[in-house]
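Those protein sequence lines, which keep their order, are chains A, B, C, D, E and F. According to the working numbering, the residues represented by the first sequence are 1 to 144, in order. According to the working numbering, the residues represented by the second sequence are 1 to 144, in order. According to the working numbering, the residues represented by the third sequence are 1 to 144, in order. According to the working numbering, the residues represented by the fourth sequence are 1 to 144, in order. According to the working numbering, the residues represented by the fifth sequence are 1 to 144, in order. According to the working numbering, the residues represented by the sixth sequence are 1 to 144, in order.
FYI, nobody ran anything at the bench for these hints, they're computed from the structure. Heads up, none of these hints are tricks.
All copies of an identical chain are treated as equivalent in the list; a pair is satisfied when it fits inside any one copy or across any two copies.
In silico DMTMM-like cross-links for lysine to aspartate or glutamate, where the CA-CA straight-line distance does not exceed 20 Å:
#1 K37 <-> E5
#2 K55 <-> E112
#3 K7 <-> E20
#4 K130 <-> E51
#5 K25 <-> E109
#6 K7 <-> E109
#7 K25 <-> E115
#8 K130 <-> E63
#9 K130 <-> E42
#10 K7 <-> D19
#11 K25 <-> E5
#12 K130 <-> E109
#13 K37 <-> E20
#14 K7 <-> E115
#15 K37 <-> E51
#16 K130 <-> E112
#17 K130 <-> E5
Residue strings, one per chain:
Protein chains: 6
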Amino acid sequence: MSLAEQKLIGKLAMLYVLDESHQSKVGELGWLHCTGKVGSMESNKVVAAIETAAKKNQVINGEVYRETHALYHAIMEALHGVTRGQVQLGTVLRTVGLRFAIVRGQPYEQPEEGEWIAVALYGTIGAPVKGLEHEAIGLGINHI
Amino acid sequence: MSLAEQKLIGKLAMLYVLDESHQSKVGELGWLHCTGKVGSMESNKVVAAIETAAKKNQVINGEVYRETHALYHAIMEALHGVTRGQVQLGTVLRTVGLRFAIVRGQPYEQPEEGEWIAVALYGTIGAPVKGLEHEAIGLGINHI
Amino acid sequence: MSLAEQKLIGKLAMLYVLDESHQSKVGELGWLHCTGKVGSMESNKVVAAIETAAKKNQVINGEVYRETHALYHAIMEALHGVTRGQVQLGTVLRTVGLRFAIVRGQPYEQPEEGEWIAVALYGTIGAPVKGLEHEAIGLGINHI
Amino acid sequence: MSLAEQKLIGKLAMLYVLDESHQSKVGELGWLHCTGKVGSMESNKVVAAIETAAKKNQVINGEVYRETHALYHAIMEALHGVTRGQVQLGTVLRTVGLRFAIVRGQPYEQPEEGEWIAVALYGTIGAPVKGLEHEAIGLGINHI
Amino acid sequence: MSLAEQKLIGKLAMLYVLDESHQSKVGELGWLHCTGKVGSMESNKVVAAIETAAKKNQVINGEVYRETHALYHAIMEALHGVTRGQVQLGTVLRTVGLRFAIVRGQPYEQPEEGEWIAVALYGTIGAPVKGLEHEAIGLGINHI
Amino acid sequence: MSLAEQKLIGKLAMLYVLDESHQSKVGELGWLHCTGKVGSMESNKVVAAIETAAKKNQVINGEVYRETHALYHAIMEALHGVTRGQVQLGTVLRTVGLRFAIVRGQPYEQPEEGEWIAVALYGTIGAPVKGLEHEAIGLGINHI
Chain A
1 MSLAEQKLIG KLAMLYVLDE SHQSKVGELG WLHCTGKVGS MESNKVVAAI
51 ETAAKKNQVI NGEVYRETHA LYHAIMEALH GVTRGQVQLG TVLRTVGLRF
101 AIVRGQPYEQ PEEGEWIAVA LYGTIGAPVK GLEHEAIGLG INHI
Chain B
1 MSLAEQKLIG KLAMLYVLDE SHQSKVGELG WLHCTGKVGS MESNKVVAAI
51 ETAAKKNQVI NGEVYRETHA LYHAIMEALH GVTRGQVQLG TVLRTVGLRF
101 AIVRGQPYEQ PEEGEWIAVA LYGTIGAPVK GLEHEAIGLG INHI
Chain C
1 MSLAEQKLIG KLAMLYVLDE SHQSKVGELG WLHCTGKVGS MESNKVVAAI
51 ETAAKKNQVI NGEVYRETHA LYHAIMEALH GVTRGQVQLG TVLRTVGLRF
101 AIVRGQPYEQ PEEGEWIAVA LYGTIGAPVK GLEHEAIGLG INHI
Chain D
1 MSLAEQKLIG KLAMLYVLDE SHQSKVGELG WLHCTGKVGS MESNKVVAAI
51 ETAAKKNQVI NGEVYRETHA LYHAIMEALH GVTRGQVQLG TVLRTVGLRF
101 AIVRGQPYEQ PEEGEWIAVA LYGTIGAPVK GLEHEAIGLG INHI
Chain E
1 MSLAEQKLIG KLAMLYVLDE SHQSKVGELG WLHCTGKVGS MESNKVVAAI
51 ETAAKKNQVI NGEVYRETHA LYHAIMEALH GVTRGQVQLG TVLRTVGLRF
101 AIVRGQPYEQ PEEGEWIAVA LYGTIGAPVK GLEHEAIGLG INHI
Chain F
1 MSLAEQKLIG KLAMLYVLDE SHQSKVGELG WLHCTGKVGS MESNKVVAAI
51 ETAAKKNQVI NGEVYRETHA LYHAIMEALH GVTRGQVQLG TVLRTVGLRF
101 AIVRGQPYEQ PEEGEWIAVA LYGTIGAPVK GLEHEAIGLG INHI
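Kindly generate the complete structure, drawing on both the sequences and the hints.
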């Protein structure tokens, strides 16, 4: 049950969201993945955008609840990194502009560890006024 | 008050902690920075390791409380990303092995925005048994 | 100040919400109680439904703030069990379908411990799509 | 992906922890399960007791991290119900005396939903003085 | 159920902890009260110091759990104001030096609203190094 | 880096919000300050009212993000004291009526500690029905 050095799913997802050229590394592993953008003051819209992208790009099977459940918790964990305290945006008068990358693969050497999913977020958070913002990052990882 | 494209302090700090070769980009900007490692079940030791590195490497002036205060909150925010819910380690029976990068610089185009500090964390979190762990990431940013 | 074995208000409220046949046990103790259902993505509507049922069924006296205050905190505590981290529903894109039971009685052997109120919740939580959900439970107890 | 009426894993786990006679219902389904007790002011000891029981009774395979990971998050979610706000015991001067039940089975009608794990907690929480306590309940559910 | 203008228990408790000369106003109302000091990195010691003072000065009856329960939640709420996010001190490498005031009285005009308890905290929070700290305040109010 | 006895910015801001006659003490120090009122079930409106007052009264320069950022975090910290657990109002069916005071000055003896900002809140929190409420207090302090 050790993480394989070349298969660090969290690091790969974070590099991918920071710089799209890293997509090729994820692709070489034969892993499922997708990326997208969302900007909103409504935290539910951020969750919805990531879920929709994952389903549309078949990174998860939206017909199977256990896949949706795994992804949902990975998203919520990534949002903790972005929001740092309360998973709230508009209700505390702030907005985000985020890129996201979703990666699904086998990061462990042992085949019985199976598949895991990583959600990486990068962008800005701040007041609903252009420029009044700083960067934010989040990563959520779950077994799927 | 716009973030300058080449001076994205959060992205630079995260790339730096993920891959030490990015140190040169931070150095070219003439920004203060340092990096280090800490592994512990005690969350206070993680905070202490980062604070000590920042002071020892003169990224902050430990004699000035406002600098310590700015760094402390950046560390706490980064720990939110790593712990995703409760800023606790051993008290909820988990441990971390983290690399950290601290970067201090001027990410905004306007000089009046002054200096900001970013704390980036990358490593693993999990049960206190080798291998029972997955990756975790956190980023905290504050004005200093 | 010991809990009386036959008067475990939390256990009774939980059994009552899981299986309405347990209502008789609560009734035999001569305790005030009511039950109801609420399904919503809006957490405030869940709170309102429970408060309204408690007042309408005279489990609490809505004219006395200390009773409303006691109930409110019991509801919030029960919601912690259901939401497990952030007391949020629609804002994090999830919905609940809950049954609730409210019980008011004297669970302690000593008469000076007076009345306490228990709010038990049982149902499902999940995505706003039928079937994409799992069960959730919460219990809040307060002196009244 | 609907929950099967006779296989409500959360309800079964909660009834099991409230009244051991419900063990037979879990057994009839052919599901893995175990029960145990733990009393402590140290939250990490509560986590450890539940994890140890699950491994010792082979409800999970302790050699496979994804199983430990699934269980860990189910425990943490159940502790949210018990602690209602901060997953802390001794550090906020309170202690628990808990029974726990762990159940692993297939609650959904569709076979592709696979196995899920439920952790149910029931007992008392209060000051570290006998009698200064009330009941508490928690339930955590995760895919495994 | 209106708060009586001259009996604002929260305001009185806060003024009392900020300036001991306000003790006379509390005394004139015939209300129970006490004050004290506590400095610690251990959050449980802060809770214990306040509970002990309340019992020793007979602001609450330590033999009755409902009074301990009411006080405990008022303390925890006051600590939220002091800690602002995680009710943790030493585990996140910070310490407090606090004065506290506990006031018990009838703040509402209607006699059926009965007694309430307020816990006011004032002092400093910061790194475990003298001077690396700023002020912090908290107030908790509960029915008793 | 010691707090100067006559320049306790948190205490001054709290006294100021509790009793407007304390405004003169803040004025004598030559510090920037303002006060205002806000009542709402929407937490974002509370944040907006405080930010708007600070900008309109030139306590902060709304054109400089670092000042907005410092104020925002001070407001959020003050709201933790008022909300005591979840920074939510209407979504958990409660409302506030608050006075606020914002003070900006140099509370430390050493000039290199520079300016700090304090946000003090005092008022009531409760159900959206007149009278069903108790007092609440919050204080947030940040370097600016």
